[in-house]
Amino acid sequence: MRAITFEAIVEQTKRICIEASYNLSDRMVRQFELAKQTEQSPLGKEILQQLIDNARISREEEYPICQDTGAGVFFVELGLDVRIEGGGLIDAINRGVAEGYREGYLRFSMVADPLRRKNTGDNTPAMIAMQLVPGDRLKLSFLAKGGGCENMSAFKMLTPADGIKGVKDFVVETIRNAGGNPCPPVIVGVGIGGTFDQCCMLAKKALFREVGDRHPDPFYAQLETELLDEINKLGIGPMGLGGRTTAVAVSVETLPCHITSLPVAVNMDCHAHRHKSVVL
Amino acid sequence: MKLRPPLTTSDVSDLRIGDKVIIDGPIYTARDAAHKRLFELIEAKKDLPFPLDGQVIYYVGPTPPRPGRPIGAAGPTTSYRMDTYTPTLIELGIKATIGKGPRAPEVIEAMKRFKAVYLVAIGGTGALLGRRVVKSESVAFEDLGTEAIRRLTVKDFPAIVANDVSGGDLFTEAVATYAQR
Numbered sequence: 001m002r003a004i005t006f007e008a009i010v011e012q013t014k015r016i017c018i019e020a021s022y023n024l025s026d027r028m029v030r031q032f033e034l035a036k037q038t039e040q041s042p043l044g045k046e047i048l049q050q051l052i053d054n055a056r057i058s059r060e061e062e063y064p065i066c067q068d069t070g071a072g073v074f075f076v077e078l079g080l081d082v083r084i085e086g087g088g089l090i091d092a093i094n095r096g097v098a099e100g101y102r103e104g105y106l107r108f109s110m111v112a113d114p115l116r117r118k119n120t121g122d123n124t125p126a127m128i129a130m131q132l133v134p135g136d137r138l139k140l141s142f143l144a145k146g147g148g149c150e151n152m153s154a155f156k157m158l159t160p161a162d163g164i165k166g167v168k169d170f171v172v173e174t175i176r177n178a179g180g181n182p183c184p185p186v187i188v189g190v191g192i193g194g195t196f197d198q199c200c201m202l203a204k205k206a207l208f209r210e211v212g213d214r215h216p217d218p219f220y221a222q223l224e225t226e227l228l229d230e231i232n233k234l235g236i237g238p239m240g241l242g243g244r245t246t247a248v249a250v251s252v253e254t255l256p257c258h259i260t261s262l263p264v265a266v267n268m269d270c271h272a273h274r275h276k277s278v279v280l
Numbered sequence: 001m002k003l004r005p006p007l008t009t010s011d012v013s014d015l016r017i018g019d020k021v022i023i024d025g026p027i028y029t030a031r032d033a034a035h036k037r038l039f040e041l042i043e044a045k046k047d048l049p050f051p052l053d054g055q056v057i058y059y060v061g062p063t064p065p066r067p068g069r070p071i072g073a074a075g076p077t078t079s080y081r082m083d084t085y086t087p088t089l090i091e092l093g094i095k096a097t098i099g100k101g102p103r104a105p106e107v108i109e110a111m112k113r114f115k116a117v118y119l120v121a122i123g124g125t126g127a128l129l130g131r132r133v134v135k136s137e138s139v140a141f142e143d144l145g146t147e148a149i150r151r152l153t154v155k156d157f158p159a160i161v162a163n164d165v166s167g168g169d170l171f172t173e174a175v176a177t178y179a180q181r
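So the protein sequences, as listed, match chains A and V.
With the numbering used here, the residue at position 167 of the first sequence is 167, and numbering never jumps.
With the numbering used here, the residue at position 19 of the second sequence is 19, and numbering never jumps.
Treat each hint with caution, since some may be false.
Now the in silico label distances, taken between C-beta atoms and shown as ranges [what the hints assert, rightly or not]:
| hint | chain 1 | residue 1 | chain 2 | residue 2 | range |
| --- | --- | --- | --- | --- | --- |
| 1 | V | Gly93 | A | Cys257 | 50 to 60 Å |
| 2 | V | Lys2 | A | Asp229 | 34 to 44 Å |
| 3 | V | Lys2 | A | Ala112 | 40 to 50 Å |
| 4 | V | Glu91 | A | Gly86 | 51 to 61 Å |
| 5 | V | Gln180 | A | Gly121 | 42 to 52 Å |
| 6 | A | Asp229 | V | Ala104 | 28 to 38 Å |
| 7 | A | Gly166 | V | Gly25 | 48 to 58 Å |
| 8 | A | Ile128 | V | Pro70 | 33 to 43 Å |
| 9 | A | Thr38 | V | Arg16 | 26 to 36 Å |
| 10 | A | Asn177 | V | Asp24 | 32 to 42 Å |
| 11 | V | Gly25 | A | Gly86 | 51 to 61 Å |
| 12 | A | Gly135 | V | Glu137 | 50 to 60 Å |
Note that these hints are calculated values from the structure, not bench results.
Glycine included, C-beta positions come from ideal geometry on N, C-alpha and C.
Please model the complete structure; the sequences and the hints are all you need to start from.
Rendered as structure tokens:
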């Protein structure tokens, strides 16, 4: 067994929350630069340049990239040979989020109850998905998930007969309905298969993939390319003000499923795609 | 074109969709929770925390300011969540709202009828827009934290006219221009 302290988890959680909120990844900035070359809308080009400028100002002058610094979404891979000393793992992550959001001058965007809506005052609780894996490491992957794009999510139980065409139609219609609301150009996470709950989780997990990386299975890599192409024909463009750059990436994740089912979930991330991971 | 709030009907009447405007002066922040409270006051026929006539509402929930700064990141939030409230606020005198994303037909109709405009700021450019805020004063509902109503003084704040007084809608027109399916 390898020991990892409660304090170490708090410190690393805090660090990745703050770093992600002020440093848009080079890969995302590169996507804006590439899109600027192909975008046909003059206003769209101008907006893409503003996104590039905003990322630089954020980094250099210590303003968060976006005022919606998100819900703290975590995918955690806990090695079976890890022992946590000094407290629980969930508590450590929540402590790290609370301290990171306070010390990083980030926004508190969580309410304690969905209907009574009182702000928790420290951006906790984090939304945590946990997986047990072999080994003696702990991997924390963080996504600062904005509410505007989360609100545009959709799920549908298709039938096996709907097949690949049904999946494509549902994904493209979901993006069409979202229009300018999720802050395009977006990253599109698509979950296919599993059960109702697992399928939605897949769509979220898909957003953690590095932008530009493709699905390892050529069949799904091809589906991602076709979806991206169809989405960018919608004309929505940067911030919904028209153009060819509606999404910069589509990531598909799949699971086996029941003989009766073809579940599909779509979860988007805005162009302020802020994520960071750490291995302890 | 420069806009200096508070605005008159003639200030907004010449604006057309796609026009770029620069705002200098005071604007009021309000988003979901503040709109709900404003409506409770309106329904109870009580005084409102600021006069609506000619004012501009900015849908924003900023990040906390670093020491020595008036505000943190301050980009727009999605406007449709305020759509149920906006026609009444426009009828009561609001001349412009600032947010991101399209508005409901009822809001567009109210803008046409009572002569107001909807402006979009670029979503997700919280750093760029936060820098254009020179002053922030608390007005009401401080217990709402980021959702409280603040009076911001902005300088060279950039926005685009998305709905004008004649019922034009930039979102519908621009998307149709580039759609291939």
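Status of each hint after checking the structure:
1. Between Gly93 of chain V and Cys257 of chain A, the C-beta spacing of about 55 Å keeps the proposed range 50 to 60 Å intact.
2. Range check, Lys2 of chain V to Asp229 of chain A: about 42 Å between beta-carbon atoms, so the 34 to 44 Å window is met.
3. Between Lys2 of chain V and Ala112 of chain A the beta carbon distance is about 43 Å. The supplied range of 40 to 50 Å therefore holds.
4. Hint check: Glu91 of chain V to Gly86 of chain A, Cβ distance near 59 Å, so the stated range 51 to 61 Å holds.
5. Distance hint check for Gln180 of chain V and Gly121 of chain A: the Cβ-Cβ separation is about 47 Å, which falls inside the suggested range of 42 to 52 Å.
6. The supplied range of 28 to 38 Å is met by Asp229 of chain A and Ala104 of chain V, whose beta-carbon atoms lie about 31 Å from each other.
7. A hinted range of 48 to 58 Å for the beta carbons of Gly166 of chain A and Gly25 of chain V is consistent with their spacing of about 52 Å.
8. Roughly 35 Å separates the CB atoms of Ile128 of chain A and Pro70 of chain V, a value that falls within the hinted 33 to 43 Å.
9. At roughly 28 Å, the beta carbons of Thr38 of chain A and Arg16 of chain V sit within the given window of 26 to 36 Å.
10. In this structure the supplied range 32 to 42 Å holds for Asn177 of chain A paired with Asp24 of chain V, their Cβ-Cβ distance being about 36 Å.
11. A C-beta distance of roughly 53 Å is found between Gly25 of chain V and Gly86 of chain A, which places it inside the suggested range of 51 to 61 Å.
12. Between Gly135 of chain A and Glu137 of chain V the Cβ separation comes to about 54 Å, which falls inside the hinted range of 50 to 60 Å.
Figure legend: structure checked against the earlier numbered hints; every hint is met.
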